[in-house]
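Asks: Build the full structure now, drawing on both the sequences and the hints.
Just so you know, this note's numbering puts 49 at position 49 of the sequence shown, and the rest follows in order with no gaps.
Wrong hints could be hidden among the right ones.
Cβ-Cβ distance ranges computed for the label pairs, FRET-style [claimed, not checked]:
1) Tyr-87 x Ile-156: 25 to 35 Å
2) His-97 x Ser-149: 31 to 41 Å
3) Lys-23 x Asp-169: 34 to 44 Å
4) Leu-159 x His-136: 16 to 26 Å
Hints in this document: simulated from the structure, not taken from any laboratory. The beta carbon of each residue, even a glycine, is placed where N, CA and C say it ideally should be.
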Amino acid sequence: MPRKPRLAPANFIYHIISRGNNKQTIFMDDQDHFRYLHLLKKYKDQYKFLIYHYVLMNNHVHIMGMPLEEGLMSKLMRRVNCSYALYFRRKYGGIGHFWQDRFKSLIILTEEYHFKCASYVELNPVKAGLVKHPHHYKWSSYSVYAYGSNNGIVDIDPLYKTFGDNSDDRKIGYVDFINYMAQNPQENISDNTIQKLQEGIFFKLRSLVPPSLYC
1 MPRKPRLAPA NFIYHIISRG NNKQTIFMDD QDHFRYLHLL KKYKDQYKFL
51 IYHYVLMNNH VHIMGMPLEE GLMSKLMRRV NCSYALYFRR KYGGIGHFWQ
101 DRFKSLIILT EEYHFKCASY VELNPVKAGL VKHPHHYKWS SYSVYAYGSN
151 NGIVDIDPLY KTFGDNSDDR KIGYVDFINY MAQNPQENIS DNTIQKLQEG
201 IFFKLRSLVP PSLYC
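Replies: Okay, structure coming up:
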């Protein structure tokens, strides 16, 4: 069965998910994490892509971001994921597919889902039982918003300004928001919800978006 075309209009925010094939571990040590982040940083500007949130898990990656030109999101992810797969195979060996099919992407259409998706990304390590709080996990964008640190990868989420009138208030507001979402999991989104939204939004937008924006 042929693949459905991927909707890729520019200036929309997307939730992107890349998974290791058969749920295999894709990050074995700190060097691997740094390598993937280096590739993101290297190619995000080349392919005119803004990264608002990310987390690197043991066997998958979540990214929230926005392409500034049509069709560049797929080019970015293809370059990053192919480059990382080559690096990993050279370091550890192995054969066969490294990634599980293509990356998944979901267009974020509402402000409510934007907030929930951001918290879902930041809280993924907590949900997986890797840490008790996202500030203990260094392979995510949480510290950018909670503490003002930046590794040159993250472009500040446009909704971050809603957390306060100044930098300190926004940091406090963001931490309070993530803490609230962590303590109220019913407010968050599930993996099944992501899949259903992905399928539903595809068919909803298919009739609205010109075929030239598919990739």
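Asks: All hints are to be evaluated individually against the structure, with a verdict given for each.
Replies: Now the hints, each set against the structure:
{"no.": "1", "hint": "Tyr-87 x Ile-156: 25 to 35 Å", "verdict": "holds (29 Å)"}
{"no.": "2", "hint": "His-97 x Ser-149: 31 to 41 Å", "verdict": "holds (35 Å)"}
{"no.": "3", "hint": "Lys-23 x Asp-169: 34 to 44 Å", "verdict": "holds (40 Å)"}
{"no.": "4", "hint": "Leu-159 x His-136: 16 to 26 Å", "verdict": "holds (24 Å)"}
This entry satisfies every hint, going by the numbered hints stated previously.
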